[in-house]
Amino acid sequence: MNVKKTLLVSTALLGFAASCVAADLQTLNVGVPNDAKSMDPLKAVDTISFAMIKHINETLVTVDGRTKQLVPVLAERWEVLDPLTYKFYLKKGVKFHNGEEFTADDVVFSFQRALSNESVYAKSKAKYIDPQGFQVIDRHTLIVKTLTPFGGFLESMKHPYASIFNRKAVADAGGNYFRMPVGTGPYKFRRWLKGDRVELEAFGDYHGDKPHSQRLNFLTMADDSSRVIALETGKADLIYNVPVNDFDRLAEEGRVKVVKGTGHNLIYLGMNTQKGALKDPRVRMALEYAIDKDAFVQVVYQGKAVVPDGPLVSSSSFTPADSRRYPRDPAKAKQLLKEAGYADGLTFDLWITTRQDYVNGATVLQSMLQDVGVKVNIIVMESGVFDDRVTTNTQSLFISTWGMQTNRDAGQFWLSLFHSSSIGTTNWAVLDDKVVDENIELGNRSVEPAERQAAFQKVWARLDEVHPFVSLAVPNELYGGRKNLQGIEEFCDGRLNYLGRLIIE
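Mind the numbering: the sequence shown is residues -22 to -1, 1 to 483 in mature numbering (1 follows the signal peptide of the UniProt record, and there is no 0), read in order.
Careful, some of the hints might be misleading.
[Stated by the list, open to error] With a straight-line cut-off of 25 Å between C-alpha atoms, the simulated SDA-like cross-links for lysine to any residue are:
| no. | residue 1 | residue 2 |
| --- | --- | --- |
| 1 | K123 | A428 |
| 2 | K172 | D187 |
| 3 | K436 | D327 |
| 4 | K412 | W380 |
| 5 | K73 | V148 |
| 6 | K105 | S399 |
| 7 | K46 | Q464 |
| 8 | K73 | F87 |
| 9 | K253 | D366 |
Calculated directly from the structure, the hints in this document are not laboratory data.
Owing to the predicted nature of the structure, the values given are computational and were not obtained by experimental measurement.
Using the sequences and the hints, build the whole thing.
Set out below in structure tokens:
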């Protein structure tokens, strides 16, 4: 027997086997399309900020992206004592990144902070909680009461606005908590180089499964091509928002991995229902009939999107009984404009941000609307300017998006977009409709699934009648990763996927 030869072969086989074994990463670099707005969950308003925050801060519960069921995080379990009362049993032995123990007092402090926060967005999520309805039973048990029955309460507890804070950490940070957050999550904050990167590192005392990367860096790469180049050259291990123009090429070349995931963000053409000709629902419906949504998806997203059935996405907790999708019908659009007194046409400004799909989409809409006698002037502005201006209610038409990654509840989705109480904050269509308001409130108050379904079906039908916006597309989430990066195939939470489970194979 040739022992030397056998030894060499065995060694080679062992080396090959070792190379196929999954391994942790020292550093995971993630290319994202924009910088964080804030590292304080109560001040953030965008999914990229939330994507980072999710790794630092945790909530009492979350939703399993696959099963769509509520699962424990900081709460081991919970009981619904009555329609107004929830009892939470908290996980023991949990530490914050500053070494403080997590207790029921932290939950009370966190909810009170959300209720008193100047952020109108955070307040809108906490508005159902009774400020006087907290009862700490012991260090790891408490009762939380709501002001009215709220069927979406537990679902709302997964939103980053329901993150749990440590009182001492918030006090120590003073007014700088937005850039020095402390949580209980698998990663702790390291530093934020504004406009360049946010750096996190694994938390050694994490109460759950340890993350597979010691460092997690979110690299700001606003330019689409820069993210692709970073992936191809190895500067980034993972990138979000792979440009549709590059997705197929990258897939065919096979040097990196690209994955198409379910979309959670609704792209829509918004219309100010309180301004000029747009006050007339016939005009708003005419714009609906003027737009070919299938063509829009093909041209703007190269087919990597789906046409929604109405003002919701498929991940919503509410399933409507009917579709509200309208085929393009230029003749019908012209007839509606004529009935409304605008047979000679109309002119509108269309506000958009610099997002490339908005720019491309605006051009497509401009052409389609021109075919029915509606002239569109495209006004492009930076996202911060856009966000400030739409709350003044001076817009006519605008393209925007609203996601359901952080909360699948239809009542909360519509409360933000269409309830009159949200005018001046997130109701950019400036819709003020009694039927919509009453049924959103009824659905949100109810804890009975059948009653909620009936109320939301009425909202669905009424929104179709008043038509505050045109649902255009739900783009697929497009990810790119290193060829040997395992785990991105399982992504199902848009940009809010947990990255600590990614491994190298």
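How the hints compare with the structure:
Distance hint between K123 and A428 is fulfilled; the C-alpha atoms sit about 23 Å from each other, no more than 25 Å. In summary, the hint linking K172 to D187 is not supported, as the alpha carbons are separated by about 30 Å, beyond the 25 Å threshold. As the CA atoms of K436 and D327 are separated by approximately 32 Å, the hinted pair breaks the 25 Å bound. Taking the CA atoms of K412 and W380, the gap is near 23 Å; set against the 25 Å cutoff, the hint holds.
About 15 Å separates the Cα atoms of K73 and V148, which keeps this hinted pair within 25 Å; it holds. Note on K105 and S399: the hinted pairing holds, with a Cα-Cα distance of about 12 Å set against a maximum of 25 Å. The straight-line distance between the Cα atoms of K46 and Q464 is roughly 23 Å, inside the 25 Å bound, and the hint therefore holds. In summary, the hint linking K73 to F87 is supported, as the alpha carbons are separated by about 16 Å, within the 25 Å threshold.
Straight-line distance between C-alpha atoms of K253 and D366 comes to about 18 Å, which keeps the hinted pair within the 25 Å bound.
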